[in-house]
Amino acid sequence: MVLSSSEIDARLERILYNVEKPGRYVGGEFNQVVKPWDQVDTHVALVFPDIYDVGSSNLGITILYQELNSRPDTLAERAYAPWLDLEAAMRSHEIPLFSLETRHPLSGFDIVGITLPYETLYTNVINLLDLSGIPLHSMDRTENHPLVIAGGHSAFNPEPMAEFIDAFAIGEGEEVVHDIVDAYQKSKANHHTRAQLLQNLAGIPGVYVPSLYQVEFHEDGCIQSVEPIHPQVPRKVRKRIVAKLPPPPTHFLVPSINIVHNRVAVEIMRGCSRGCRFCHAGMVNRPVRERPVDEIIHAIDEALEMTGFEEVAFLSLSSSDYTHILELVDRVSQRYCGKHLTISLPSLRIESFSIDLLEKLKEDARQGGFTLAPEAATDHMRNIINKPIPTDQLLDMVKAIYSRGWTTIKLYFMIGHPSETMEDVRAIAELCKLVISIGTKTIGRRAKLNVGVSTFVPKPHTPFQWVACDPPEIIEAKQQLLRQEMRAPGMKFNWTDPKETLMEAWLSRGDRRMAQVIETAWRNGAKFDAWQEHENSAFWLAAFEKHQLDPAFYVHRQRSLDEILPWDHIDTGVRKSFLMHDYQASLSGELSADCSQECHACGILPAFSDIQIQQRDSWKCPQPDNSLGN
Amino acid sequence: MQRFRITYAKTHSLRYTGNLDIHKIWERTIRRAGLALAYSQGFHPQPRLHQASPLPLGMSSLCEMVDLWLTDDSPILTPEQIQQALSEKAPSGLELQKVEVMPLDAPALQTQIAAAEYSVTFLDEIDTSALQDSVKMLLEQSTLMRERRGKNYDLRPLILDLQVQQSDPLVLTMQLSACENATGRADEVMLELQIDPALTRIERTRLVFK
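These protein sequence lines map, in sequence, to chains A and B.
Be aware that the first sequence starts at 1, since it is given in our numbering, and climbs by one per residue.
Be aware that the second sequence starts at 1, since it is given in our numbering, and climbs by one per residue.
I should point out that these hints are in silico values taken from the structure, not numbers from a laboratory.
The structure presented is a predicted model; accordingly, all values stated were derived computationally and were not measured.
Wrong hints could be hidden among the right ones.
To be verified - Over the 12 Å line for every Cβ pair with chain A, so calculated as not near, a few chain B residues:
#  : residue
1  : 7
2  : 15
3  : 25
4  : 33
5  : 66
6  : 76
7  : 77
8  : 78
9  : 89
10 : 128
11 : 129
12 : 133
13 : 162
14 : 180
15 : 187
As the list claims (entries may be wrong) - Just the calculated beta-carbon pair ranges, DEER-fashion:
#  : chain 1 : residue 1 : chain 2 : residue 2 : range
16 : A       : 142       : B       : 11        : 36 to 42 Å
17 : A       : 294       : B       : 206       : 49 to 55 Å
18 : A       : 2         : B       : 126       : 27 to 33 Å
Glycine included, C-beta positions come from ideal geometry on N, C-alpha and C.
If we strip away everything but chain A, and leave its shape as in the complex, we get (with noise of 0.2 Å):
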């Protein structure tokens, strides 16, 4: 039986009294679009499978929310992951997963799309189907029952979600998703069966049908081959990419509660040139397109507008490599300086420039320390890592931080790079000790620096694809040994429970086999391993046991060069053999240069050389041709 919303309602009414932030479950934010129900073809909602305190900042659903809801046959509606006192309430008193904007049971609209931006996230998934009411599995649904669409970063490997989608849509959202509306409303038009729906969304550029896919393994497990069971299937679904950032979204949902990321965000660029090897957003963003300063400028008017916030951030993965920056800063600053706004401005180069930088943002710039994120300690590591930065620059530049007003700064690094050593290791602590020290010359026991230390897993796509996780007891080694040497006064030091990296490694870098291990371990009880790896990693590993499967095989094998790899179907516009050459370089310590610089023929341009060529000024890739003279 499917409630209706006003039983939802009342039943919710009886619950809420009783949870811990009740205001999650609620809506009514300001700029909330609320549609009559009944006067609208498609109904789509869009789930970010984390609660809402995480979620509803997601600038990637707040782009499609805008998008679906600017059309007048569309609306798009939000729901998020319950937290576990609610779900129990929710379970004990039948109540399916529901909208926020009008609490109609997900059940009942037309699509459900849902944003995979983590791979922690896959158990959640799981639970919020089974809440939902909705079978589990693409092949149990049918046409009484929503179309399953996911995309987000982690759907680049879309082969351990595989069963529980319906289509996975890869790379950038903003036209894909106009597409995909379309195709649903034609096929319903045409009284489609959902299997002739799924042909006709397998069509769609971007889009990719698992089911349409046949995977054949070998006796060791690895991949033989993966074909599509249908002549007009493509064999290989290449990303969708914007030719033109359109102009960013401003109406902005206030929340009515606090959250993480409260906040306007304006992403000034898309893609990276840098080329870090172990960076998945480097390799799967490609290529670089700027927006406009003054688009950006009048976003933030617009935005501010809109939502009286009074925070601005500035998204990118390299704020420092966007190439109007400094006009950027400096008619910001201007703008709205004395207007008690904060305007942030993450990921910067390690260079002094990036300090003039945030200086001129705000006057109170040293309230928040400054984060650096060298990620190796050693020249050595960081070329084949291929992230250099001279170690005299980095000390340099710490010296000027604490000089120029800064208490606290925050260095990230990551162990297990390949081939580190515990010399590696070591230099870390070294490193970090030699910043504390300059701190305390500096300015004296006022000087702080918090060390945030993560575990490197090697993600699809990029040029470590084919590289082992270290396994548990060597992570443990190395953490241990920083525990020891990392103790100075002024500094602290943080690290990534080895658990919760090898569960984000075999999700990530997993096959189709995985789906029954994902649903396993959810049945066992596993969900928001995000939040609770340490407590869920008993029930993971009891699933790869009860599926004969060994996480090791997913993460702690060397993959050989010419292995199928489980993601290799999914066409980033990078192509393989780049990727392979770059990983060749780094194995000789070679650096390979900012792309911005000099073409290293990745692929992108001739994969989306049809769209490029509307759009020569907004890419930042040098013509391959000409690359050599600049």
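Got chain A sorted already, so can you dock chain B onto it with the hints?
Same frame as chain A, now just chain B:
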């Protein structure tokens, strides 16, 4: 500087928004309306915005109050113009009822409230005579010791009035002390009456000034 006092209703989904967050909602509503909120002096300037006695999470209200100060460079606006400007930019559930000009030296809003009145309705059918009996018994007590967040306190002197109204549907009304350090909570009264507050709707209907 100009000082205004706003009376507003807090209803619908906003009843699940707590006081700190309501403060933020007001700041943002004022900014959206294009009014220049004054800030305190000092190292961490704070918007000059003061709420009357805090409303517990989950309750709605017809009579919330907030005082706000606008800077000198704001245009001189009539209370009606301010009400209009704010109403257009308020989120649903925040309904402006009245805007008054206040003298800058008027005492702080918080210190002026003596008591608050509430009305309670019930999600389920309730036995009227049983409720009347338990209200009567409660009022006969001279002390009602309760524990809240690890502190013991006496609820009885905070209950200034408690009555079952002969209406359909049934309504329970009460007046509770709302002085600083002596504030009664309507949901605590419900618990004392052995009624689960989750199965009621509690609405604040009036603030009583000293």
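Now for the hints, and whether the structure bears them out:
With 12 Å as the threshold on Cβ separation, the claim that residue 7 of chain B sits away from chain A holds: the shortest Cβ distance comes to roughly 20 Å. The claim that residue 15 of chain B is not at the interface with chain A is violated, since a C-beta of that chain comes within 12 Å of its own (minimum 8 Å). The claim that residue 25 of chain B is not at the interface with chain A is violated, since a C-beta of that chain comes within 12 Å of its own (minimum 6 Å). A beta-carbon of chain A comes within 12 Å of the beta-carbon of residue 33 of chain B; the shortest separation is about 8 Å.
Listed as a non-interface residue, residue 66 of chain B keeps its Cβ farther than 12 Å from every Cβ of chain A; the least gap is roughly 15 Å. Even its closest Cβ contact with chain A, about 21 Å, leaves residue 76 of chain B beyond 12 Å, as expected for a residue assigned away from the interface. With a minimum CB-CB distance of about 18 Å to chain A, residue 77 of chain B clears the 12 Å threshold, and the non-interface call stands. Every CB of chain A is more than 12 Å from the CB of residue 78 of chain B (nearest about 22 Å), matching its label as outside the interface.
Distance check on residue 89 of chain B: its Cβ comes as close as 8 Å (rounded) to a Cβ of chain A, failing to clear the 12 Å threshold; non-interface status is violated. Consistency note on residue 128 of chain B: stated as away from chain A, and its beta-carbon is indeed over 12 Å from all of that chain's, at 21 Å minimum. Consistency note on residue 129 of chain B: stated as away from chain A, and its beta-carbon is indeed over 12 Å from all of that chain's, at 24 Å minimum. With a least CB separation of 25 Å from chain A, residue 133 of chain B remains clear of the 12 Å interface cut-off, as annotated.
Residue 162 of chain B, annotated as away from the interface, keeps every beta carbon of chain A farther than 12 Å; the closest lies near 21 Å. With a minimum CB-CB distance of about 25 Å to chain A, residue 180 of chain B clears the 12 Å threshold, and the non-interface call stands. Separation of residue 187 of chain B from chain A is inadequate, the least Cβ-Cβ distance of about 8 Å not exceeding the 12 Å criterion. Remark: the range hint 36 to 42 Å for residue 142 of chain A to residue 11 of chain B is upheld by a beta-carbon distance near 41 Å.
Between residue 294 of chain A and residue 206 of chain B, the C-beta spacing of about 52 Å keeps the proposed range 49 to 55 Å intact. Restraint check, residue 2 of chain A to residue 126 of chain B: a C-beta distance of roughly 31 Å satisfies the suggested window 27 to 33 Å.
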